[in-house]
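Construct the complete structure from the given sequences, taking the supplied hints into account.
These protein sequences, in sequence, are chains A and B. Using this note's numbering, the first residue of the first sequence is number 1, and each one after it goes up by one. Using this note's numbering, the first residue of the second sequence is number 1, and each one after it goes up by one.
Treat each hint with caution, since some may be false.
[To be verified] Listed next, with one range per pair, are the computed distances between beta-carbon atoms: (1) B:Asp12 with A:Ser241: 51 to 57 Å; (2) A:Ser248 with B:Ser253: 39 to 45 Å; (3) B:Arg25 with A:His133: 47 to 53 Å; (4) B:Val47 with A:Asp153: 48 to 54 Å; (5) B:Val193 with A:Pro157: 29 to 35 Å; (6) A:Pro197 with B:Asn68: 16 to 22 Å; (7) B:Lys175 with A:Glu244: 19 to 25 Å; (8) B:Gly27 with A:Gln21: 55 to 61 Å; (9) A:Gly120 with B:Glu254: 25 to 31 Å; (10) B:Val47 with A:Ala14: 18 to 24 Å.
By construction, these hints were calculated from the structure, which means they are not laboratory data. Where a beta carbon is used, it is the ideal one built from N, C-alpha and C, also for glycine.
Below, each chain spelled out in residue letters.
Number of protein chains: 2
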Amino acid sequence: MYILVTNDDGIDSAGIHALVQAMRRIGDVVVVAPDRQQSAVGHALTVASPLRATPFHRNGEVFGFAINGTPADCVKLGVSTLLDRRPDIVVSGINHGSNTSVNAIYSGTVSAATEGTLMGIPSMAVSLATFDHTADMSLAADVAYDVASRLLDLQLPAGTLLNVNVPPVAKADFKGLRITRQGHNEWKDAYDVRIDPQGRPYYWLTGEFVTVRELVDGDDAVVANGYAAITPIHYELTNFSILETLRSHPALSEICSREPNEGRS
Amino acid sequence: MYILVTNDDGIDSAGIHALVQAMRRIGDVVVVAPDRQQSAVGHALTVASPLRATPFHRNGEVFGFAINGTPADCVKLGVSTLLDRRPDIVVSGINHGSNTSVNAIYSGTVSAATEGTLMGIPSMAVSLATFDHTADMSLAADVAYDVASRLLDLQLPAGTLLNVNVPPVAKADFKGLRITRQGHNEWKDAYDVRIDPQGRPYYWLTGEFVTVRELVDGDDAVVANGYAAITPIHYELTNFSILETLRSHPALSEICSREPNEGRS
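This is the structure we're talking about:
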């Protein structure tokens with residue numbers, strides 16, 4: 001097994017170090033990761049500036065390529081250009097902080113795994129559901145090992161990846177793994193308005209992650225109950241359930257059925 | 001109607017100017033948009049630095065707030081903090097370049113509309129399917145008017161927004177609107193490797209947008225045929241079709257059913 005490891009916390013983070021050690025139990029590991037913290041970058045790509053790939057050392061040996069870009073950049077550049085052979089799987093993480101519910105759409109960790117899937121490679125993201133940067137990564141690394149070592153056996157359909165979230169509990173309190181759906185928790189956003197010494201306002205994003213509608217098999221609820229949540233996600237965004245409703249909706253059928261140019265201003 | 005307009009090409013772009021003029025035919029318009037080009041930022045949020053909101057002038061009058069952030073930042077900051085009342089709809093665009101198929105996941109334009117939806121406001125994104133920055137925006141502005149003026153009537157389900165893509169054709173050649181699904185076109189990625197004057201490589205993202213599997217009702221195919229494509233999308237990422245398969249998959253059931261700590265290293 002040849003395993004591409006990346007993340008969004010940066011190549012020097014504790015999470016990617018723990019993940020690499022776990023993946024080395026499965027096969028050969030190559031690391032291509034951002035050279036700095038890239039949280040909440042979503043599925044950003046660097047298009048207006050060139051990328052650099054710099055060897056990054058840890059404990060006196062080359063740990064991987066540090067990239068001046070986003071997690072998605074790392075996977076695209078790694079697979080297409082830097083690596084001399086195609087990875088069998090892509091594993092992204094271990095992220096400091098939950099990527100459950102809507103967090104998945106803001107997550108660089110998840111976007112890197114999505115990029116692997118887009119390139120036709122079975123991929124997964126792993127996150128530890130705590131922002132405590134001193135948190136013990138060993139349970140999350142065990143879970144990453146358990147799932148990654150079976151990832152090829154699962155024969156996921158094209159376009160589907162696994163989003164794995166691990167509870168911040170001691171191993172003795174860990175309850176096991178569950179297959180889940182994306183939860184419905186939401187951010188209640190707020191900005192902290194401050195005034196600079198010149199008297200001008202500036203705005204810091206703050207917010208509270210709240211349970212709007214509890215889903216028993218949602219990733220948030222399952223993680224809160226001490227299980228690791230494995231959610232199969234894809235980048236098919238169409239809401240198929242309303243296609244026909246929209247096609248026959250009076251407000252739209254009026255403009256959809258209109259002859260070209262008729263009534264246009 | 002109180003309409004929040006944003007985009008990802010920046011507050012000084014031709015596309016947002018054309019969109020604002022179209023929206024003023026529907027109601028009161030407020031602009032909160034990035035102070036510079038933000039293409040391919042995905043659903044990025046600014047969390048590690050504070051935001052600023054600066055009045056931006058056009059033709060001697062205040063056009064809107066310019067934000068040193070992403071399209072998603074603009075909607076979050078605008079709705080939660082800058083605006084004195086809640087917008088009735090959020091309209092993002094007009095983007096220079098198609099946001100069909102997988103482009104939707106890289107798109108700042110779409111992410112801004114997604115953010116509006118997350119905040120409970122009916123939202124839509126509008127893109128003109130050409131990268132020609134001198135392209136005529138008037139057809140796309142007409143389509144934006146047609147759809148936005150009916151957006152509240154559609155009573156979209158919570159979490160669903162409209163992703164509208166307009167073909168780069170003359171009005172005389174425009175064939176009308178179609179309700180579509182997200183297409184399956186993909187980027188065939190490549191990096192142009194160059195050597196700097198110090199002899200070190202750097203990498204420019206290039207790529208070709210290719211048709212992998214043509215979907216008759218996919219947004220790309222419909223736009224290519226001269227129609228505007230209206231795709232209802234949502235941020236529910238779960239692939240429900242494989243949940244049960246995974247739950248009963250031998251490779252996973254082994255670890256999912258395992259008692260806590262049993263066999264864990």
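Hint check results:
1. About 39 Å separates the C-beta atoms of Asp12 of chain B and Ser241 of chain A, a value inconsistent with the hinted range of 51 to 57 Å.
2. Separation of Ser248 of chain A from Ser253 of chain B is about 43 Å and conforms to the stated range, judged on CB atoms against 39 to 45 Å.
3. Take Arg25 of chain B and His133 of chain A: their Cβ atoms lie about 51 Å apart, and the range 47 to 53 Å holds.
4. A hinted range of 48 to 54 Å is violated for the C-beta pair Val47 of chain B and Asp153 of chain A, which are about 37 Å apart.
5. A C-beta distance of roughly 33 Å is found between Val193 of chain B and Pro157 of chain A, which places it inside the suggested range of 29 to 35 Å.
6. For Pro197 of chain A and Asn68 of chain B, the hinted distance range of 16 to 22 Å is satisfied, since their beta carbons lie about 18 Å from each other.
7. The supplied range of 19 to 25 Å is met by Lys175 of chain B and Glu244 of chain A, whose beta-carbon atoms lie about 21 Å from each other.
8. Here the CB-CB span from Gly27 of chain B to Gln21 of chain A is close to 57 Å, well matched to the stated 55 to 61 Å.
9. A C-beta distance of roughly 26 Å is found between Gly120 of chain A and Glu254 of chain B, which places it inside the suggested range of 25 to 31 Å.
10. Under the hint 18 to 24 Å, the C-beta atoms of Val47 of chain B and Ala14 of chain A, about 19 Å apart, fit the expected range.
Of the numbered hints stated above, those contradicted by the structure are hints 1, 4, listed in ascending order.
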